[in-house]
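2 protein chains.
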Amino acid sequence: MTHPLDVPALHPAIAPLGFLVGTWVGEGEGEYPTIEPFAYTEQITVSHVGKPFLAYAQRTWSADDGRPLHAETGYWRAAPGGAVELVVAHPTGHAELAEGTLAGHVVSVRTLGVQRTTSAKEVTAIARRLTVEGDHLHYELDMAAVGQPLVRHLRGTLLRVSAEQRA
Amino acid sequence: MTHPLDVPALHPAIAPLGFLVGTWVGEGEGEYPTIEPFAYTEQITVSHVGKPFLAYAQRTWSADDGRPLHAETGYWRAAPGGAVELVVAHPTGHAELAEGTLAGHVVSVRTLGVQRTTSAKEVTAIARRLTVEGDHLHYELDMAAVGQPLVRHLRGTLLRVSAEQRA
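Residue numbers (our numbering), protein chains in the order written: chain A, 1 to 167; chain B, 168 to 334.
No wet-lab data here; the hints were simulated from the structure. Beta carbons: idealized from backbone N, C-alpha and C, even for Gly. Possibly wrong hints are sitting among the right ones.
[To be verified] Calculated lysine-lysine pairs in the BS3-like style (CA-CA distance at most 30 Å, straight line):
1. A:Lys-51 with B:Lys-288
2. B:Lys-218 with A:Lys-121
3. A:Lys-121 with B:Lys-288
[Stated by the list, open to error] Simulated restraints, written as ranges between beta carbons of each label pair:
4. A:Gly-134 with B:Ala-270: 52 to 58 Å
5. B:Thr-324 with A:Pro-149: 34 to 40 Å
6. A:His-136 with B:Thr-298: 45 to 51 Å
7. A:Leu-112 with B:Gly-314: 42 to 48 Å
8. B:Glu-196 with A:Leu-112: 31 to 37 Å
9. B:Glu-198 with A:Gly-147: 26 to 32 Å
10. B:Ala-330 with A:Ala-163: 40 to 46 Å
11. B:Leu-279 with A:Arg-67: 29 to 35 Å
12. B:Lys-288 with A:Thr-131: 46 to 52 Å
13. A:Pro-37 with B:Pro-247: 26 to 32 Å
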């Protein structure tokens with residue numbers, strides 16, 4: 001019998017995404033046609049509890065003065081046939097539902113749709129690509145919003161500072 | 168100048184929902200026409216970073232053996248005119264976007280829509296009501312899923328064990 005406080009094994013269904021597990025810290029750069037470019041510090045945590053999904057949380061702080069910038073939180077899922085699914089809640093009032101593929105340690109997902117609350121700005125599409133090489137994670141995020149086409153919005157490079165696997 | 172490690176004040180826009188902030192633990196009961204009733208232990212955390220939203224995370228464990236059951240994570244927002252917005256990601260592959268109202272310390276929200284990934288089960292509506300009296304939180308959650316109408320799915324009562332406000 002496994003004691004509930006033991007560190008569980010990765011669920012086989014999510015094992016292909018196990019290389020994402022850990023606490024990651026690093027730096028990123030943001031840009032968009034409607035705003036000034038900006039730089040940020042970022043922390044990403046990916047954890048699991050032995051069930052067939054990974055819990056995902058992210059926060060960024062301004063590189064200028066440390067004030068909180070963005071945050072987002074959700075779950076990675078691995079679907080049959082090698083498909084990858086992502087569900088993310090944004091404090092901006094957006095719910096991001098994305099699907100895609102895994103190739104080696106490169107995950108690419110694009111939104112099926114972005115829902116938003118009444119008071120949220122228009123966001124119509126988000127595409128993410130994450131690449132892990134050893135303990136380095138590099139990502140790019142493209143976004144279509146406020147009348148703009150799907151163009152580069154964020155890119156970041158983070159270092160795995162902990163491989164802790166518990167949520 | 169506020170040091171980024173100081174505990175920030177609640178943003179005025181989210182202050183009406185400030186009574187939700189804290190770490191809450193307690194018990195709940197689940198039921199649905201398609202499953203056997205079940206009991207669970209629950210932890211809810213609601214925190215903020217001084218921006219106009221509250222970060223929300225929830226986990227439950229089986230009352231039988233402590234195994235992890237559900238989890239969900241997202242954000243509460245307060246919109247102009249007393250409206251309340253909720254964005255929640257579920258590890259089941261669902262994105263819940265809900266809106267409603269605040270009356271005293273009772274929050275009632277209902278989904279505008281539920282998006283789901285390709286591999287997720289059908290969920291068409293979720294309605295939540297949360298009531299806070301002092302350090303007790305009581306909630307009820309109704310759900311329409313897998314062909315069933317909107318009926319009671321969960322109810323729980325939790326105690327605020329920490330008023331810690333940092334995310």
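Going through the hints against the structure:
1. A:Lys-51 with B:Lys-288: With a Cα-Cα distance of about 17 Å, the restraint between A:Lys-51 and B:Lys-288 holds, given a limit of 30 Å.
2. B:Lys-218 with A:Lys-121: holds (17 Å)
3. A:Lys-121 with B:Lys-288: holds (29 Å)
4. A:Gly-134 with B:Ala-270: 52 to 58 Å: holds (53 Å)
5. B:Thr-324 with A:Pro-149: 34 to 40 Å: Distance hint for B:Thr-324, A:Pro-149 is violated at roughly 49 Å.
6. A:His-136 with B:Thr-298: 45 to 51 Å: holds (47 Å)
7. A:Leu-112 with B:Gly-314: 42 to 48 Å: 22 Å Cβ-Cβ, so the 42 to 48 Å window is violated.
8. B:Glu-196 with A:Leu-112: 31 to 37 Å: holds (33 Å)
9. B:Glu-198 with A:Gly-147: 26 to 32 Å: violated (46 Å)
10. B:Ala-330 with A:Ala-163: 40 to 46 Å: With Cβ atoms ~32 Å apart, the hint is violated.
11. B:Leu-279 with A:Arg-67: 29 to 35 Å: holds (31 Å)
12. B:Lys-288 with A:Thr-131: 46 to 52 Å: violated (32 Å)
13. A:Pro-37 with B:Pro-247: 26 to 32 Å: holds (30 Å)
Violated hints for the displayed structure, listed by number in ascending order: 5, 7, 9, 10 and 12.
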